[in-house]
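Sequences and hints are given; from them, build the entire structure.
Letter by letter, the chains look like this.
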Amino acid sequence: MGWAIALHGGAGDIPRSLPPERRQPREAALRHCLQIGVAAIKAGRSPLDVVELVVRELEDNPHFNAGRGSVLTSNGTVEMEACIMDGNTKLCGAVSGLSTVKNAVSLARLVMEKTPHIYLGFDGAEAFARDQGVEIVDSSHLITPENIERLKQAKEANRVQIDYTQPINKVEEAPLPNGDSQLGTVGCVAVDGNGNLATATSTGGLVNKMVGRIGDTPIIGAGTYANKFCAISATGRGESIIRATVGRDVAALMEYKGLSLKEASTYVIEECAPSGTAGLVAVSAAGEVVMPFNTVGMFRACATEDGYTEVAIWPNELCD
Amino acid sequence: MGGWAIAVHGGAGVDPNLPKERQEEAKQLLTRCLHIGISALRSSLPPIDVVELVVRELETDPLFNSGRGSALTAKGTAEMEASIMDGTGRRCGAVSGVTTVKNPISLARLVMEKSPHSYLAFSGAEEFAKQQGVEMVDNDYFITEDNVGMLKLAKEANSILFDYRIPASESCSAVVEAPPLQMNGLPISVYAPETVGCVVVDGQGRCAAGTSTGGLMNKMVGRIGDSPLIGAGTYAGEVCAVSCTGEGEAIIRGTLARDVAAVMEYKGLSLQEAVEMVIEKRLDGGGKAGMIAVSSKGEVACGFNSVGMFRGCATEDGFMEVGIWE
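In order, the protein sequences belong to chains A and B.
Quick note: the first sequence uses our numbering, first residue 1, plus one each step.
Quick note: the second sequence uses our numbering, first residue 321, plus one each step.
Don't take each hint at face value.
Unchecked claim - DSS-like cross-link-like pairs, simulated, lysine-lysine; straight-line CA separation at most 25 Å:
#	chain 1	residue 1	chain 2	residue 2
1	B	Lys587	A	Lys228
2	B	Lys395	A	Lys114
3	B	Lys475	A	Lys114
4	B	Lys601	A	Lys228
5	A	Lys228	A	Lys42
6	B	Lys434	A	Lys152
7	B	Lys340	B	Lys472
8	B	Lys475	B	Lys395
Stated by the list, open to error - Beyond 10 Å from chain B on every Cβ pair, some chain A residues (computed):
#	residue
9	Pro15
10	Arg23
11	Ser96
12	Gly193
13	Asp306
Honestly, the hints are just simulated from the structure, not real lab data.
Keep in mind the model is a prediction, meaning the values are calculated, not measured.
Quick reminder that beta carbons are idealized off the backbone N, C-alpha and C, glycines included.
Next comes the structure, spelled out in structure tokens:
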């Protein structure tokens, strides 16, 4: 037993040739967010507070596909979604279709705490945000030049590009094998020394997605799930994660089949979600942490009470 | 493999004082829908087609809360949602916040088949509907006089239930002191049973499920419930197909539909055992819900912990049942 925390900044076809100027800021952000989470957990904040805090930080960072830095719809607009869930109570909140809320994850928490519902979307969610007085920004604040370029290239390639990391190199115009390059979404899971668990996930979705598209992130049991056994935040191709009910299945395998967190998450990532489509971070009530993925890489970081820390992008390759 | 099987529902949580003639109307509609599904199965339509056909019929009839006859938002508008899932390949489609699409279930099917996504909502879903050329109607088409009256009652009930200025003491009205049966925070007399659904398995063991709803009476604009959420209100896989109804928030938290399949897959339970276990164990916090399910072996099951559920089922060997109460 002991606390543990893990976070991710998206899984996908992240090229190992990712140039240092794209890699380093993301590694630095992962490390920074991990430190914030660890400090909060050490200060005795609840896991629910910790995951919200860390995801807010990831949302504010323009290098990840959530909050500022969200990828754009085919209309060039931002439509963000997020979800948060507390393990012990299974209370949860979710939002979709946000275009002016600075921190979608905090609105998801307010839906959980201040409404009789779990999930609000689009105009109704925006109106609720204003009622609650959360920080509102102009959409232009959330749109980065990099994402304008990504959308342009995705449109030229006439396909829905799964996120990001680096705009497709124009010289190598040929679309990548299965039509996607890298994925986005940020998330955080945390457990405290008493086994209290929480998870949160936030995303801008897919580059060039249709207006109104909802992915796996806000769907309890798909991109986000927590109960008294474990907390999970998934990332990757939303449509695959929804079909495989990735989040719930990790927990269900522990609950119904007695698998360990490691066995359950490995099974879901290797057997249930198609190869190249998914990754997740998860912690168990016992303080275990796992970060499996079946994509080329996943921006990820974790720390546990016994002093273990990891920041990495590709398999078996820790960052300096 | 067993033979085919089909089940339909028109929502869980029924006013025990529902007039007899309304009960009869509901039973007749469920029976008619079962017959539509049965003849489609006999003509060898794929399960996904049968589910869509039956749910369309339920949406089109104003009796239940979906399509025409949808419950209304706090602003008096209809905002519908639906999802459909094909167990074969676990393909799925869902829509939310639909206001002018006559049959949301068919739009969900188009999202599954004609878009790169599995879930579209609000103006994006409406836009997609126009592109696909599905039948569009005015929002007024969905709004029935009954539901306008119910919304008014729901608003009055809410103002009582949520008005903390009124102390819940002996001096207070009977409504507060002895709250009648409730669903989703509403007295059951003004609660519109949430949702219609259909699950089907054909003679080859292929399963499919579909669910459609107008959502919760007096809901906030933008509220999304369990019906469009794969794993919550709707799920189909290799072993079974499930459609849920009831208190949406409890169904989402309990990932009810996926859990029926999960306990069959991971614990080896039979369909009936799985439905019973999920209703008993997964609705923590006193949530009320019901579900219909079929297995790839041709079994059919139904379970609920609410007061009543509009439901019907039939199997290839000639069994047929339509009921409301336990």
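Okay, which hints does this one fail, numbers in order?
-> Of the numbered hints given earlier, the structure breaks just one, which is hint 11.
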